[in-house]
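*Asks:* So the protein lines, in turn, are chains A and B. Using this note's numbering, the letters of the first sequence map in sequence onto residues 41 to 415. Using this note's numbering, the letters of the second sequence map in sequence onto residues 41 to 415.
No wet-lab data here; the hints were simulated from the structure. Some hints could be false.
Each pair may be met inside one copy or between any two copies, as identical chains are not told apart.
Dumping the calculated DMTMM-like pairs for lysine to aspartate or glutamate here, alpha-carbon to alpha-carbon at most 25 Å [said to hold, decoys possible]:
| no. | residue 1 | residue 2 |
| --- | --- | --- |
| 1 | LYS130 | ASP331 |
| 2 | LYS280 | GLU414 |
| 3 | LYS345 | ASP206 |
| 4 | LYS310 | ASP243 |
| 5 | LYS289 | ASP339 |
| 6 | LYS111 | GLU284 |
| 7 | LYS411 | GLU169 |
| 8 | LYS59 | GLU180 |
| 9 | LYS64 | ASP248 |
| 10 | LYS62 | ASP295 |
| 11 | LYS280 | ASP369 |
| 12 | LYS345 | ASP295 |
| 13 | LYS157 | ASP295 |
| 14 | LYS59 | GLU173 |
| 15 | LYS280 | ASP376 |
| 16 | LYS111 | ASP248 |
| 17 | LYS372 | GLU284 |
| 18 | LYS345 | ASP248 |
| 19 | LYS62 | ASP209 |
2 protein chains.
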Amino acid sequence: MPESNSVGIVTPQYVHIDKPLKLKSGTEISSYNLVYETYGSLNTGRSNAVLVCHALSGNHHVAGVYEDKPKSTGWWDNMVGPGKPIDTDKFFVIGVNNLGGCHGSTGPASIDARTGKHYGANFPIVTVEDWVETQAQLAEHLGIHQFAAVVGGSLGGMQALQWTLDFPDKVRHALVIAAAAKLTAQNIAFNDVARQAILTDQDYYGGDYYSYNTLPRRGLRLARMLGHITYLSDHSMASKFGRELRDGKFSFGYDVEFEIESYLRYQGDKFTDLFDANSYLLMTKALDYFDPANAYNGDLSAAFKAVRASFLVLSFTTDWRFSPERSRDIVKALLDNNINVSYGEITSTHGHDSFLMNDAYYHQLVRAYMKNIEV
Amino acid sequence: MPESNSVGIVTPQYVHIDKPLKLKSGTEISSYNLVYETYGSLNTGRSNAVLVCHALSGNHHVAGVYEDKPKSTGWWDNMVGPGKPIDTDKFFVIGVNNLGGCHGSTGPASIDARTGKHYGANFPIVTVEDWVETQAQLAEHLGIHQFAAVVGGSLGGMQALQWTLDFPDKVRHALVIAAAAKLTAQNIAFNDVARQAILTDQDYYGGDYYSYNTLPRRGLRLARMLGHITYLSDHSMASKFGRELRDGKFSFGYDVEFEIESYLRYQGDKFTDLFDANSYLLMTKALDYFDPANAYNGDLSAAFKAVRASFLVLSFTTDWRFSPERSRDIVKALLDNNINVSYGEITSTHGHDSFLMNDAYYHQLVRAYMKNIEV
């Protein structure tokens, strides 16, 4: 149920971008759809627009609920709304589902007009840079020439970062939360195991499982279970689940025994009904590829030279997927360029998932930063 | 090739234990085979026997090589041999393949005499306590009434610990390396994802894949890939692989791109030819179940009350599977019982895998401890 300070009932909108998009992979997409939602109102000066970029398994439905679906609360409803840290009484907030996603924007499950079939694995690999380009097209469609802020956590934070690099004049503030300037070998390793689980599933059918009226459920489930382990901290798993047994004693078999097993399997099963496997592959590749310093021989400070935005960078102490160290690297590179950056390392037990939670200090920092943005 | 101080050419030996074994699960095994190897000679007083317990993917072949197979070096050849830290000039060292394994001891791939078929998934769940019981049977068969030391790393260390609990008079020293007194929720979570990968593989056939002349290769491969991520430290993966690309540039596809992907897939593929999937399931359950403090309301100090052995406990700083904190818990519980314990926390970049490696300080500590053992 939406709280009294929720944006309330929302309706997704669609835009057809009828402009060819040349992707970083070299492939061109002739046109595409984006589904998005907006909360609040665009002011006369068009100076109060805030773009929220989603992470791996997120989408355009950032806040509010759908009519007749009281449990359909947006993934960042605790952050975005009237009087909330990202205040929709002040800002015009936009959530968009990225290209390659599976919640309404053009993606692998969409029909490719050229073939009449699902794109499937033929959907091109998309990068964070490609997404920012499409988001810029959406902004233009909405008559927005500059964002007051671009905000995101995890992969969403990478998009916020990319905005300041690709469109330095179109973004005044970037909120980069629980993110990183690039993935480590360990990060990539986890993503590759998740991909291999999907790709080697006998029901993957080279990505064309739609034609077989099935989906690589086993693989997608494993991918999600694995993802969940990386989103939680060792500590929070221990305190939430420990070694609790579902039946209080060993059953000496391979069915669920420990509560953590029950939790993970439940999360895995649930996810296979909510997310497209091909989209999952694409999202992990976008994560793996993101590396703005690469064009500068690994020098992140050099990569930030043309940046003009101001930043709020936030990390969480028990996040071992994108540890505080990664955020510190971003902060230092920004400071090397005398960029205005506020940084907070928030004590939290909830690991990488912290960025989705309602931590008081975290929300106060975002609230203060957003309050300070002139529109 | 064996070094000049290797035990040299070795030959596995088999024993048929014709005594029923009542397992912790309640199931009884009427008889079973164990494959083992020995290095060095048992002295007249039978006081110099050392038992080496293997970990998840290990076996009885601890040191030396097989005739005509120069690359078949034992998994702990750098530790066990003439003049090595576990000196076979002084000790009679025994390596045994645990029940449920797949290297010659009775396990899921063995034929169940009662049915004439492979045990498959009908092979009962075995615990660390069960293994110690079988190892005691082997000792009796070899005329050994007391071990100078029981040694192991990881799951092997858990067995060493169990020996001091179950047979306090039969073990004088326990070397417990890179181990833990129980697994955490995160540990169990990783094991369960590995198990689910195998169990949901369409070629698992309820564990009876032998009858179908196949094996759950995809699942076992994923399990191994995942295991490898947990055996390496974030740091060592970064320095060994980083974000190196195999072809120097992105290929915008799902084949191997990053070197870490290449490494993991290679390890996964290799493993499916070397290890039985049902055995893998059993090994992970034994890990999950191990919890000596559980019978004492979680009080490890109480669990160690009857322990009489002396201990060397070793941990490695970057081991995030069984972190130093876990070893410290063991050490403190031993100290609570005024047990003679030596403890070393070894600075290493190699994560959990460190216990298999030739770190100078690590080997010096083991060497010193072993040298100090009276036989």
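*Asks:* Now tell me if each hint is right for this structure.
*Replies:* Do the hints match the structure? See the list:
In this assembly of identical chains, the alpha carbons of LYS130 and ASP331 never lie at most 25 Å apart, being 33 Å within a copy and 55 Å across copies at closest. In this assembly of identical chains, LYS280 and GLU414 lie within 25 Å of each other by CA distance neither inside one copy nor across copies; the values are 41 Å within and 47 Å between. For the homomeric pair LYS345 and ASP206, the shortest alpha-carbon distance inside one copy (12 Å) is at most 25 Å, but the shortest distance between copies (65 Å) is not. Proximity of LYS310 to ASP243 under the C-alpha cut-off of 25 Å is found in both arrangements, the shortest distances being 18 Å within a copy and 24 Å between copies.
With identical chains, the CA atoms of LYS289 and ASP339 are at most 25 Å apart between copies only, with a shortest distance of 18 Å across copies and 54 Å within one. With identical chains, the CA atoms of LYS111 and GLU284 are never at most 25 Å apart, being 29 Å at best within one copy and 44 Å at best between copies. In this assembly of identical chains, the alpha carbons of LYS411 and GLU169 never lie at most 25 Å apart, being 29 Å within a copy and 61 Å across copies at closest. Only within a single protomer do LYS59 and GLU180 lie at most 25 Å apart by alpha-carbon distance; the minimum there is 12 Å, versus 80 Å between protomers.
Only within a single protomer do LYS64 and ASP248 lie at most 25 Å apart by alpha-carbon distance; the minimum there is 24 Å, versus 47 Å between protomers. Only between protomers do LYS62 and ASP295 lie at most 25 Å apart by alpha-carbon distance; the minimum there is 22 Å, versus 48 Å within a single protomer. In this assembly of identical chains, LYS280 and ASP369 lie within 25 Å of each other by CA distance solely across copies; the values are 21 Å between and 31 Å within a copy. Taking the closest pair of Cα atoms, LYS345 and ASP295 never come within 25 Å of each other, the shortest separation being 55 Å inside a single copy and 34 Å across copies.
Proximity of LYS157 and ASP295 under a CA criterion of 25 Å is satisfied inter-copy only: 24 Å between copies versus 39 Å inside one chain copy. For the identical chains of this complex, LYS59 and GLU173 are intra-copy neighbours only, at 11 Å inside a copy versus 72 Å across copies, given an alpha-carbon limit of 25 Å. Within a single copy, LYS280 and ASP376 get their C-alpha atoms no closer than 41 Å, and across copies no closer than 28 Å, so neither meets the 25 Å cut-off. In this assembly of identical chains, the alpha carbons of LYS111 and ASP248 never lie at most 25 Å apart, being 32 Å within a copy and 43 Å across copies at closest.
Proximity of LYS372 to GLU284 under the C-alpha cut-off of 25 Å is restricted to the inter-copy arrangement: shortest distance 24 Å between copies versus 42 Å within a copy. Proximity of LYS345 and ASP248 under a CA criterion of 25 Å is satisfied in neither setting, with 43 Å inside one chain copy and 61 Å between copies. Within a single copy, LYS62 and ASP209 get their C-alpha atoms as close as 22 Å, which meets the 25 Å cut-off; across copies the closest is 74 Å, which misses it.
Figure legend: structure checked against the earlier numbered hints; hints not met, in rising order: 1, 2, 6, 7, 12, 15, 16, 18.
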